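As they're listed, the protein sequences go chains A and Z. Going letter by letter, the first sequence gives residues 1 to 140 in my numbering. Going letter by letter, the second sequence gives residues 1 to 196 in my numbering.
What the hints contain is simulated information worked out from the structure, not anything from laboratory work. Only a predicted model underlies this, so the values are computations on that prediction, with no experimental measurement involved. In this text, a Cβ means the ideal position worked out from N, Cα and C, and glycines have one as well. Careful: at least some of the hints might be erroneous.
As the list claims (entries may be wrong) - Label-pair distances were calculated between CB atoms; the ranges are: (1) Z:SER28 - A:HIS70: 18 to 28 Å; (2) A:LEU78 - Z:ILE3: 17 to 27 Å; (3) Z:ILE3 - A:MET87: 30 to 40 Å.
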Amino acid sequence: MAGHGEAEIRKYVKTCIAVFSSLMVLTIVTVAISYVHLDTPSAIAVALIVATVKASLVALFFMHLISERHAIYYLLCLTGLFFLLLMYLPSGWYHDEMKIHTVWSVLPQPAEAGHHGGEAAGHAGEAVADEAAPAAEAHH
Amino acid sequence: MEIAHITKPHPETGLVNSKLGVWLFLASEVMLFGALFSSYIIMRIGSTSWPHGYTILNVPLATVNTFALISSSVTIVLAWASLKLNDFGKFRLYMSATIALSFVFLVIKYFEYTAKFAHGLYPSTNTFLAIYFTMTGLHGLHVIGGIIVNAYLLGPGSKLWHRSPDQFANRVEGAGLYWHFVDLVWIFLFPVLYLL
Numbered sequence: 001m002a003g004h005g006e007a008e009i010r011k012y013v014k015t016c017i018a019v020f021s022s023l024m025v026l027t028i029v030t031v032a033i034s035y036v037h038l039d040t041p042s043a044i045a046v047a048l049i050v051a052t053v054k055a056s057l058v059a060l061f062f063m064h065l066i067s068e069r070h071a072i073y074y075l076l077c078l079t080g081l082f083f084l085l086l087m088y089l090p091s092g093w094y095h096d097e098m099k100i101h102t103v104w105s106v107l108p109q110p111a112e113a114g115h116h117g118g119e120a121a122g123h124a125g126e127a128v129a130d131e132a133a134p135a136a137e138a139h140h
Numbered sequence: 001m002e003i004a005h006i007t008k009p010h011p012e013t014g015l016v017n018s019k020l021g022v023w024l025f026l027a028s029e030v031m032l033f034g035a036l037f038s039s040y041i042i043m044r045i046g047s048t049s050w051p052h053g054y055t056i057l058n059v060p061l062a063t064v065n066t067f068a069l070i071s072s073s074v075t076i077v078l079a080w081a082s083l084k085l086n087d088f089g090k091f092r093l094y095m096s097a098t099i100a101l102s103f104v105f106l107v108i109k110y111f112e113y114t115a116k117f118a119h120g121l122y123p124s125t126n127t128f129l130a131i132y133f134t135m136t137g138l139h140g141l142h143v144i145g146g147i148i149v150n151a152y153l154l155g156p157g158s159k160l161w162h163r164s165p166d167q168f169a170n171r172v173e174g175a176g177l178y179w180h181f182v183d184l185v186w187i188f189l190f191p192v193l194y195l196l
């Protein structure tokens with residue numbers, strides 16, 4: 001935060017209390033929406049939008065990003081770029097069904113541990129985590 | 001030897017070095033948690049089915065935890081503001097509240113974990129629980145780290161206030177930035193793991 005005068009600090013505290021109330025209300029909104037049981041794509045979109053608004057409030061006011069030095073903005077832009085790259089990586093797999101088929105049929109293949117095959121996994125990719133390790137070993 | 005640019009901003013960046021250091025650290029933390037969120041997406045789109053978090057996890061408890069973390073973010077801001085207003089007594093009060101709220105979060109998390117274990121639900125049970133325990137576990141470690149730093153600033157570290165008030169206020173601000181980041185990560189973890 002740039003200015004540290006007493007009046008400014010008192011004003012800042014008032015802003016933070018307002019932000020705090022907004023965050024509480026938005027938390028209730030997020031939970032309330034989850035009880036509506038929207039279809040999955042809409043639910044993900046709404047939940048992520050509300051979470052992003054909350055995160056922005058925290059970053060802008062609590063972390064003083066609304067009035068910060070340029071050095072921090074440059075640093076965060078670079079971080080944001082790499083973060084987006086990380087989020088983009090899985091979407092590359094999503095669009096290439098061949099790849100995702102390869103990855104997810106290769107990993108659960110070895111059934112030595114007594115688990116059923118990957119394709120038959122009925123619940124939440126059951127046993128995939130278990131079998132990933134032996135599969136990785138088999139590749140070396 | 002005196003550390004350079006610890007109370008007076010560096011002419012190039014306009015920032016005290018400690019603050020720049022905390023932000024660089026937080027940038028690396030964004031990548032750490034980013035990698036896990038990326039893994040979550042890969043696991044979810046690669047699975048034949050994925051459970052709704054609320055069918056396995058306890059949403060009311062996690063909501064209380066969200067309130068606790070948001071409240072602790074405000075109390076640490078108030079602790080820093082109290083120092084800026086030269087009120088050391090209030091700083092101690094708000095910092096104690098921050099630590100108390102952090103413990104509320106951890107205790108609730110402990111009950112959540114033990115309830116899962118009691119029902120035979122472990123990280124090895126399925127992919128959803130694997131990523132749930134990994135992400136909330138790493139976040140929990142960050143909460144513990146924050147408690148240690150904040151407790152130091154409340155206890156032995158607070159002696160610095162009498163020698164160098166500006167430097168001490170900057171330390172509290174740095175700890176606050178970290179704590180807000182921990183809150184920020186939870187703001188995404190809560191809907192992603194519990195509500196979707």
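Subject >> Hint check, failures only >> reply: none
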